[in-house]
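Enquirer: Sequence:
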Amino acid sequence: MPIFTKKDVKRIADCLKAKEIIFEKDHFRLRIISSKEKRAVVLEIYPKVSVGRKKGAMVVVYTGNSHLQLHNCSGYVLSKELGEATFVGESKDKISGLVVEREAACSLYANVVRDLISGDFSKLGVEVMLSGVALSLAEEVLGKKKKG
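Just so we're aligned, residue 31 is where the sequence shown starts under my numbering, counting upward by one.
The set of hints was computed from the structure by calculation and includes no laboratory data.
Certain hints may be false.
[Unchecked claim] With a straight-line cut-off of 20 Å between C-alpha atoms, the simulated EDC-like cross-links for lysine to aspartate or glutamate are:
# : residue 1 : residue 2
1 : Lys40     : Glu67
2 : Lys85     : Glu74
3 : Lys47     : Glu67
4 : Lys36     : Asp56
5 : Lys47     : Glu74
6 : Lys68     : Glu133
[Unchecked claim] Here are the computed distance ranges between Cβ atoms for each label pair:
#  : residue 1 : residue 2 : range
7  : Asp145    : Asp56     : 19 to 27 Å
8  : Lys49     : Lys122    : 36 to 44 Å
9  : Glu54     : Val143    : 33 to 41 Å
10 : Val79     : Asp44     : 22 to 30 Å
11 : Leu112    : Gly82     : 30 to 38 Å
12 : Pro32     : Lys110    : 17 to 25 Å
We put the beta carbon where it would ideally sit given N, CA and C, even for glycine.
Take these sequences, add in the hints, and give me the full structure.
Expert: Now the structure itself:
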């Protein structure tokens, strides 16, 4: 079963207050705008795309000055309170996460040691703590092939 169905994408769009949702043949395209911050991002969700020899989910973010991709996305978590969608991918003992915000911002955390997200954040340096805190929200979906 794909991680991203039309229903999932509608939930993500609702959380991020997307201004536009386009359902393409092989992906979904969401446009997120923050008039207050004068920013816009486009979020594309590919439920099943060829990634090398295998097929998997991919999440792509376009901003005015960046292009980010998360291949083999294994799950997502929504936080309406924070206005964020966190997409995660896993490989062995490391995880990567792409956080998209309602205010048309995004953050990427790549190759984060898995143990970091469930440890004691107070023992980490500030420069490392942020990734642990941000990805700890996704701990519930890690290791599962289910959606958030």
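Enquirer: Which hints from the list above does the structure break, by number from lowest to highest?
Expert: 1 and 7
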